[in-house]
Amino acid sequence: MSKITRKQVVNEVVQLLRQAEIELPEDVLSALKSALKTESNQIARTQLRQMIENAELAKEHGTPMCQDTGTPVFFVDVGYDAEIDFDLVEAIQEGVAKATKEIPLRHNAVHPITREGSENELMDVNLSLVKGNKVKITVAPKGSGSENMSALRMFNPSEVKNIKRFVLETVKNAGGRSCPPIIVGVGIGGTFDGAAKLAKKAVLRKLDKPMDTFERELLDEINSLGLGPMGLGGSTTAMAVNVEYGRCHTASLPVAVNIQCWAARRASITLED
Amino acid sequence: MEYQLTTPLSANDVIKLVAGDVVYLNGIIITARDKAHERLLQWSGEGKKIPFELKGATIYHCGPLMRKNTALAAGPTTSARMSKMTTELLKRFEIRVIIGKGGMNITEVLRDKCVYLTYTGGCGSTAAKQIKRVVGNYWTDLGMAESVWVLEVENFGPLIVATDAQDNDLFDEVQKKADQQMKKFK
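As they're listed, the protein sequences go chains A and B. Just so you know, we're using the working numbering here: the first sequence kicks off at 888 and counts up by one. Just so you know, we're using the working numbering here: the second sequence kicks off at 182 and counts up by one.
Okay, chain A solo, but in the shape it has when bound (with noise of 0.2 Å):
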């Protein structure tokens, strides 16, 4: 018998989203401060200490910590043996609907060419099928001037010693618009959509995961450019490159590079059957 009802759902997706939008997560707000003790660059620590600063307000106040309070991302992990009995993804919406006006979240919605229609209808749901009888809701609240410097090439296989170049120059040419330091997240292999999803499920690693050779390889370089916090000098521009990879066609090599600003909101939960 099923045990997560749909008033559940509502509701937890209500709670993920005000603490998400309010509370920054300590892996992040803890690499700011580690950015601010190694940061010489006297502009670059005026950045990082509003930021921090910034996250310790919200939190205080209990609103949200950008105004741009983004896209609402999920990502839902159905058990196979949940048992549920109701339209799931509608569930989420009407979290989505009653969060944008207890939080309130800004409406952010559009329709893309007459640009009119700003309710928060919601905009990407990503569901999978996993083991077990369990239900994970994560939710990334995604703001768009990150969003905006994201990028995806079709490579050739023979190219794979391009793609490093590829992810610096979508970082150097973002500067501070994508409002660094920033989360690298890499998508590499899968098709077309595949790259982009496996670069924003990459986004989502939390920054105390250590990083494997090719990451901490890559962040130094991104770093070496010296863009700094929000793209006015120093010497962190990122706090992590995180990379994801796929399998691909034998003629394929797509890459995307998904940037994620510093306030890097996401929040999950796991409801039991």
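If you are wondering where the hints come from, they were derived from the structure by calculation, not from laboratory data. If you're wondering where the values come from, they're calculated on a predicted model, not measured in any experiment. Just so you know, even glycine gets a beta-carbon here, dropped at the ideal spot from N, CA and C. One or more hints might be untrue.
[As the list claims (entries may be wrong)] Straight line, CA to CA, 30 Å or less: simulated DSSO-like cross-link-like pairs of lysine-lysine:
#, chain 1, residue 1, chain 2, residue 2
1, B, 313, B, 249
2, A, 1059, B, 265
3, A, 985, B, 216
[What the hints assert, rightly or not] Cβ-to-Cβ under 7 Å is the rule here; a few derived chain B residues that face chain A:
#, residue
4, 249
5, 253
6, 284
7, 341
8, 352
Given the coordinates of chain A, assemble chain B onto it according to the supplied hints.
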């Protein structure tokens, strides 16, 4: 250098600022993003009266999150989207300060008359705290984020002078150094 400035500002007030200086602003700032810029150009082109004062004004690239007349989060939005429209805007109005984030690449347009300052991106809460009062809200048909909010601020900052009125642009300097560094990577 660190400055405390109070609006409205004259050309003389702003041309002394040098890229890298820190500014705290007091007085009135006017939010405008994509749609408000479009309308400013359209209305002034048609000779219609703009319902708020732009002489000596400070434009803030911001789409705030408001609850009635209280700012909950009001950090800057990406200024580059407004670069082209700003070139025309500065020909028509005596705007002295533009606040945003990420840079605009309009050094020549600002020369001898206007400066571009940056507020730290993502800092919606600190900015909201420095907003003391909503003086007016215009063009409300554009919605909460795109309408024009005339705001009274106190110690608004720290603002970094990113582009001064003498052709210095921090973003440009940083990009040039990054371009040099890129040459090291094959």
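TODO: Please verify that hint: residue 352 of chain B, Cβ, nearest Cβ of chain A, below 7 Å or not.
DONE: holds (6 Å)
Task: Agreement of hint residue 249 of chain B with chain A interface, Cβ distance less than 7 Å - done: violated (11 Å)
- [ ] Quickly compare the C-alpha distance for residue 313 of chain B and residue 249 of chain B to 30 Å and report which way the hint goes.
- [x] Answer holds: residue 313 of chain B to residue 249 of chain B is near 14 Å, not above 30 Å.
Task: Hinted contact residue 253 of chain B with chain A - closest CB pair below 7 Å - done: It holds, given that the least Cβ distance between residue 253 of chain B and chain A is near 5 Å, below 7 Å.
TODO: Would you check the hint for residue 985 of chain A and residue 216 of chain B, treating anything up to 30 Å between C-alpha atoms as holding?
DONE: holds (27 Å)
- [ ] Could you grab the alpha-carbon distance between residue 1059 of chain A and residue 265 of chain B and see if it respects the 30 Å cut-off?
- [x] OK: residue 1059 of chain A and residue 265 of chain B at ~22 Å, within 30 Å.
Task: Hint check, residue 341 of chain B versus chain A [nearest Cβ-Cβ separation less than 7 Å] - done: holds (6 Å)
Task: Restraint check, 7 Å cut-off on beta carbons, for residue 284 of chain B near chain A - done: It holds, given that the least Cβ distance between residue 284 of chain B and chain A is near 6 Å, below 7 Å.
Of the numbered hints listed earlier, the single one contradicted by the structure is hint 4.
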